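*Asks:* Take a look at the letters that make up each chain.
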Amino acid sequence: MFFRPIALVVVPTALLYAALLVLNDYLFGSLWFSPGETWVFLPSGLRLIAILLFVEWGALGIIVGSLSVLGVQGSEHDSLTAIGAALISGLAPLVARRVCLELAQIDLQLKSLTATGLLRVALIFSSLGAVLQQCWFAWSGSAEHFFMQLLIALTANMVGALLVLYACKLVLQFSAYLRKG
Amino acid sequence: MTKSKAANFSQMYTKYLNLVRTIKALPTFPDLDAVEARMLNTFAANWHEDKQITVLEAMVMLPEISTTTAHRRLKMLRKKGMIDLNLDSHDNRVKYVVPTKATHQYFAQLGQCMEKAQLA
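Same order as they appear, the protein sequences are chains F and D.
Note that our numbering numbers the first sequence so that position 15 is 15, with each residue one more than the last.
Note that our numbering numbers the second sequence so that position 66 is 66, with each residue one more than the last.
Only chain F is shown next, with the shape it has when bound in the complex (with noise of 0.2 Å):
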């Protein structure tokens, strides 16, 4: 009963954000503003698809793949701060998720959803993700420049998010086209 989920959605999702971190690092690691603070984030576009299909499953994969990244690759935080911006990295999309049922008129199915909704939810994630997490920093007293730093996570989570979503665009339309022959 608990374990369907974790294997089927948890497990994959961690393993693709993980992953996500990584090449993020590894493509725009030379973009940095400071440590950790870079102009695209990857990792942003699967939290919005993690969270938009499976909810409350996805965010905890996502957590639990930020987790184990910092786990293994340590963090320019100290570890309460890095454990709690994990942590909000898979809990602001939920947030993000119950704003956008209320205010951009999706439904639970997305059946609704167009592309320019979309477009509108993505930004609404990429907003409250970065707000939430650059408060966190203040808070922990690890943002030096506030308002700086919530321009560039705002822009590297909707940077991310478009160039994740137009990947998927991308791949679909690739698969229609081998399929065609």
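No lab work stands behind these hints: they were computed from the structure.
Bear in mind that the values here come from a model prediction, so they are computed numbers and not experimental data.
A few of these clues could be false.
What the hints assert, rightly or not - Cβ pair distances, simulated, as ranges: (1) D:Thr100 x F:Leu31: 37 to 43 Å; (2) D:Thr67 x F:Gln109: 46 to 52 Å; (3) F:Ile6 x D:Leu110: 50 to 56 Å; (4) D:Gln105 x F:Ser175: 27 to 33 Å; (5) F:Leu23 x D:Val94: 52 to 58 Å.
Glycine is no exception: its CB is placed at the ideal position from the N, C-alpha and C atoms.
Use these hints to put chain D onto chain F, whose structure you have.
*Replies:* Same frame as chain F, now just chain D:
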């Protein structure tokens, strides 16, 4: 598998299908090549004068390209959502090439670009 579990998986799959549909519909810039852009410009001049263009007329509008190429490009323009084909109300064998919402947006964007260029 219990009923509630089956319902959960069914809901998840419905959400997946809806998300895939939405992602497929994400906006992209129509990538027109030179021939397609030239065909569209020629059509636009006619539409501007309220002239109707049949598919056969559209295929011979650009003398420098063959009818086969013109036909292929018409199909591409339709696939990219830049034109649509309407049936004649009296004769179903006749089809008219008509602009779409994307065509109007395309020309509106070009118009804005020209305006900006003039102001610069």
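*Asks:* Look at each hint and say if it fits the structure.
*Replies:* Status of each hint after checking the structure:
no., hint, result
1, D:Thr100 x F:Leu31: 37 to 43 Å, "holds (39 Å)"
2, D:Thr67 x F:Gln109: 46 to 52 Å, "holds (48 Å)"
3, F:Ile6 x D:Leu110: 50 to 56 Å, "holds (53 Å)"
4, D:Gln105 x F:Ser175: 27 to 33 Å, "holds (28 Å)"
5, F:Leu23 x D:Val94: 52 to 58 Å, "holds (54 Å)"
No hint from the list above goes unmet by this structure.
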